[in-house]
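S.K.: So the protein sequences, as listed, match chains A and B.
Per the numbering used here, the very first residue in the first sequence carries number 465; after that it's consecutive.
Per the numbering used here, the very first residue in the second sequence carries number 8; after that it's consecutive.
Hints are computed from structural coordinates only; laboratory data are not their basis.
Note that the structure is a prediction, hence the values are computed from the model and not measured.
This list has only true hints and no planted wrong ones.
Listed next, with one range per pair, are the computed distances between beta-carbon atoms:
1. B:36 / A:471: 47 to 57 Å
2. A:538 / B:80: 12 to 22 Å
3. B:44 / A:520: 10 to 20 Å
Don't be surprised by glycine CBs; every beta carbon is placed ideally from N, CA and C.
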Amino acid sequence: MVIRCEEVWREISNYLEDEVDPALRATMEEHFRGCKHCTAVLDGTRNVIQLYGDERMIEVPLGFSHRLHHRLENNMHGGRRSFLGWMVAAAAAVLTAGAVELASSASRSREPRSEHAQPGAGVPPEMMVVVSEKGKTFHVPTCTFIHDRTNLRTLAAREAMQEGYVPCIRCMKQYLKS
Amino acid sequence: MPDEGRALGDGVQHCNEETLIRRIRDGERDLFYELIRPYERRVYATAFAILRNESDAEDAAQEAMLKAFKHIGQFRGEAKFSTWLIQITLNEARMRKRKEHVHMMEPIVERQDEEGNYIPRDFADWREIPSETLERKEVRERLAQALSSLGEKYREVFVLRDMHHLSIEETARTLGISTASVKTRLLRARLMLRDLLSPGLDANWSSKLSFAKGTKPW
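I would like the entire structure built from these sequences, with the hints used as guidance.
M.R.: Structure (structure tokens):
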């Protein structure tokens, strides 16, 4: 079997991932033996994967970890609070929890915002999606069919569906029944 | 073989993570540091891949980890914790990017049609580049610069798959795209990077660095 260079380039990534069938692999290997250009593309691509896959390629700024922990510490514990401060915070937490519970129990029973809704059961529940307050659908953040980008909110698909949002039929197409 | 090793390691890590997550939910909040420690660098690199600016990436990475902490109760364990964390980071970085209209400065390659075949531009012979060259800062900088010049959709896929070693399926799930799109973008990203770094194509960049005259960095 003969294969053209263009076809080899199209499959080179799959070849390196070991995702081509044995017949195609054998054909490509035969091609590499006689084609310097494709061998150069193969070696170069393999090198790219090896170099970028090295841990040393991921560098963080000096002091990153320290600053991160400091910020988390401040947010987790709110700095060093006085006893009175803790009491106020605890009372506020109880009130907030009550309010959140009320709000969530209200939203759980909410009807879908669109009557043309497609069941979103196939959408991964923990996938992070975006919604706008006035919209009816939830999208992946890169969806080109988001009409109002000014007031977007990020949440899990599961939460969006609990709030009555329905999947965008374009960006969520792969999860919806045809 | 390395994949098998990684899979076994992942399994052990997964068990530990489950325990950690349960204890954090039960109130041992300080254990969150331990939970995220293995992923700090990945989270930063993900934010940087989108924002391409150190301080913005650091801020987005911090914010993403705070969000993960606040919403740890919502993590159901259907995906790996690392995948969930990276997904939050991606969304945080994308949101910031949109706000700052950085997309106005996206490279031209962003607008290329990913359906068409990518034709390699350079066919110079590559000898194997030893990974020891990565000890040299200028080599790492050159590689990072080439990656930055790719369009965002290629950068995202490449960083998740080839730098963070997520599977094709995990990459697709994290980005909310199909596995076919991951494969197409990955192929393009790899071929574009190869062209950008090809020793035969750009004779200038190595001479700007402190390498011996006429010698490539590898």
